[in-house]
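For the protein sequence lines, the chains are A, Y and L, in the order given. One rule links them: number in our numbering = place in the first sequence (from 1) + 923. One rule links them: number in our numbering = place in the second sequence (from 1) + 6. One point on numbering: in our numbering, the residue at position 269 of the third sequence is 255, and numbering is uninterrupted.
Among these hints, one or two may not hold up.
Cβ-to-Cβ under 10 Å is the rule here; a few derived chain L residues that face chain Y [what the hints assert, rightly or not]: (1) F23; (2) P71; (3) I81; (4) I85; (5) R92; (6) I219.
The hints are simulated quantities; they were obtained by calculation from the structure and are not laboratory data. A virtual CB, placed ideally from N, CA and C, is assigned to each residue, including glycine.
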Amino acid sequence: MRTMKHFTATAAIGLCAVLSAGLQASAQIKIGSVLSVTGPASFLGDPEKKTLEIYVDEINAKGGVNGQKLQLIVYDDAGNANNARTFATRLVEEDKIDAMVGGSTTGSTLAMIPVFEEAKIPFISLAGAIQIVEPVHMWVFKTPHTDKMACEKIFADLKTRKLTTIAMISGTDAFGKSMRDQCVAVAPKAGITIATEESYGPRDSDMTPQLTNIRNKAGVQAVVNPGFGQGPAIVTRNYQQLGIKLPLYQSHGVASKQFIELAGPAAEGVRLPAAALLIADKLPNKDPQKPVVVNYTRTYQQKSGQAVSTFGGHAYDGLMILVQAMQRAKSADKAKVRDEIEKTKGYIGTGGIVNMSPTDHMGLDLSAFHMLEIKGGDWTLVPGT
Amino acid sequence: MSLRALLETRLLPAILVAAIVIILPLFFPSAYYYRIGALVFIFALAVVGLNLLMGFAGQVSLGHAGFLGIGAYSVAIGPVHFGAPSWLCLFAGAIFSGAVAFAVGRPILKLKGHYLAVATLGFGLLVAIVLTNEAGWTGGPDGMSVPALTLFGWRVHGSDAWYWIAGATFVGGFLLALNLMESPTGRALQAIHDSEIAARVLGIDVARAKLTIFIISAVYASVAGSYLALFNGLVTPDEAGFLRSIELVAMVVLGGMGSIFGSLVGAAVLVVLPQVLTIFHEYEQALLGLIVMVFMIFLRQGIVPSVTVALAGWRK
Amino acid sequence: MAELLQFVFSGLTVGAIYALVALGFTLIYNASDIINFAQGEFVMLGGMTTVFMALAGVPLPLAALIAIIVTTGIGLALHRFAIEPARGASPVALIMITIGASVFLRGVAQIVFDKRFHSLPPLFGADSIQFGGAAILPQSLVLLAGATVIVILLWLFVERTLLGKAVIATAANRLAARLIGIDTRRIVDFSFAVSAAIGAIAGILVTPITLTSYDVGTLLALKGFAAAMLGGIGSPLGAVVGGILIGMIEALSAGYLSSSYKDAVAFLIILVVLVAMPQGLFGRVKVERV
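Just chain A, with the same shape it has in the complex (with noise of 0.2 Å):
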């Protein structure tokens, strides 16, 4: 009677178990994917999963790799880490994946590596934080910049721009706290002081308080403010409405058109580090960049009817590197795949230029920034940055 009900639940496993197998087509490589394409870092997601579905129609419909079609199976974790780790089992369990590229955010990449360590699957990670790739871990790769450069450029701004005691306003969410703490372990040696903190939650409204604080804070020259979401709109708009004049720096989390559509006017001014996707069409002509970035912005937008976001071109670049990494090994056999992935070398992508090696598993320099500012309701970039 009541076991009735149990085998019911049983049944309900068996079912999926017998839908997955029906997913397992022969001879494809299988490339998994876990976004969080709902929950609270969905706009990172979003694009991620739009991004990897264009493209990996885009290559099937060019012949695939070695011959291959490429499946794409991806499943959202909804921001949650626990889901993450079961999808990621799921992943390699059941559907028998041959690589994975996913992993939104820090929390559910660092989640899921001790499952793709022990499967030996490679793992591109599409999340910020500098943990993922340092100490590096043998199967696992990233293609974001770390929140690490992204401190390191702002303060390198701040210092031609003579500026050297700041303040720092973050969001209580990871990657606010992850930039911040990078900020905060880094500004000594590039010669930047901390004067005064403040946070924010990433649903919050009003963030008056905490600038006021900011404002009568004395010998502040500047104001960085590590976030993503619509914190930072919030943020730039009290900004201005306290009437605050310092500088005011943003980070490369929110790096899309959206930024300025919402802060407004307010944006006028603002900097921040972001790659050359942005700025695709301002790219000098004999940037490297400009042909993959103007691609890939026109080929978004105009298959997803969104602009494009920095999110996005982490997973067309994790995405190519797997798919490059493959043609070179001439197949999809896990180990020569990650071995070809650590060889990475001169790779141009939407977040620069990628030289992986050994010991570093993401291949991005500083260079791979550039520093923008907010003219007219554009982006700009600062000359000779």
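Following the hints, complete the assembly by docking chains Y and L onto the known chain A.
Just chains Y and L now, kept in the frame of chain A:
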């Protein structure tokens, strides 16, 4: 003992559950299923505790994941910051959760209905906020990694190992809950649920009974949280968050408030359903919400009680 | 001194947002004893529908009107198709239905709309008003005015109209209300519709400040619910006072104590108040008949 006598004991449901735990793996094609099974039993353990509180004592808690989080972080902070062995931290976490439940429960269990719900909500949020902010201890929003459990020199590792541990613990917790409900405290609680004033008139120490069950449910959740953290090797503040609390309440209500076996069913449905719904991609969330609504409209006492009643009626 | 004023302005702004959301809980609770956790989604639908209609070219006032009508319809549908069929279920089961409804609405919203953040233009411009060395947005004043108007309208409705009295009668004793000829199903229909409309209006008014996205409803519902309980569930004045109080506590904590613990301080104070006043600030003391 004759077979008939055995069947009529209180032990029957527990034997049934133990049988399920033992027989299920025969249907498991891969480690993924062991993981799902382990997760079901871990959450079912927490849900049994919450069911004792909500179903039997009638006290709504919207912050129960707070105790889950305390248990989870105990086995992270203890080994990493104090070098203590994981199993000891598990017990310490359970005791600490009980103590917190005692401290918090005494004032807020005086509240009734929605007011109690808000107070427990506040408690859960407070725990989640502290876990997120005190990054020096807890690793902040990204959480911290949890060293694996070592028992008698053997490193507990892998979905199958945790399936058996979670399953066995669940059977134990299940038996304990059944015994509790037949005990004087359990009967007092049912009396309180039916009518608090009548119970008080009968001389039942209402405040003490409520507090006792609150502490017990906190300990259940804490153990479940510790298991979850040890199994995943990672813990994040999400495990104490509002969404997790709502998920636990949904498991109680879906399975059947006041039905201990329902706790298992509720946990199974809400752990397995998202896995099954992945084939619907972007419609997954909408479908999940729809299914929960449909279940509650048509099986409004929960799956197990409704099915039991329906089958009893059909038998006639 | 100027900074205290700024904190107060911030508290009023955020508080008005919570107050508007909290108001949406009161009418449904008054008519049916149900806490509608999908209230946050009504707020989201108001804002998001307006945004997308405007993006499609519809003039803003018309877009707002359409959004309110659509959301009201969804509120009605929620009652007719989800709550009404489950009449007689335990309160927890009904709450679970509303939670399921909120998950469902969010799931549909992410398909129909998108997953990005959007804004609406403020009613009276984006330039802040300077007063006593502190700045406040005109939109914040609009929010406060909106909340006041809704409270007054609700009070007038309950005190001065027959329909309002019918709502109170339905809440007091559903069977008795039906016995004297009140169509209780229509009353609860009405309360859901009006609460949905209040939610939609709240969404349209707060979006210029909070921005909107498909999942903005969850946190707003949480805070709005807490505000409504703090003020005493069922009292519109209590909802507004509760909302503003929570907003003020958050702003003052962020300004004077610690910005990372401001939410914690607010909830701690809610707990303390509830322990001292178990029916909230303005709630009716429940008389239990034995």
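Hints versus structure:
Given the 10 Å rule on beta carbons, the hint for F23/L holds: about 9 Å separates it from the nearest Cβ of chain Y. Because the closest C-beta pair between P71/L and chain Y is about 5 Å apart, less than 10 Å, the hint holds. Among the interface hints, the one on I81/L holds; its C-beta lies about 8 Å from the nearest C-beta in chain Y, closer than the 10 Å criterion. Hint on I85/L holds. Least Cβ distance to chain Y is approximately 6 Å, under the 10 Å limit.
With its C-beta approaching chain Y no nearer than about 6 Å, R92/L sits inside the 10 Å limit, and its interface hint holds. Residue-level restraint check for I219/L holds (minimum Cβ-Cβ distance to chain Y is 6 Å; threshold 10 Å).
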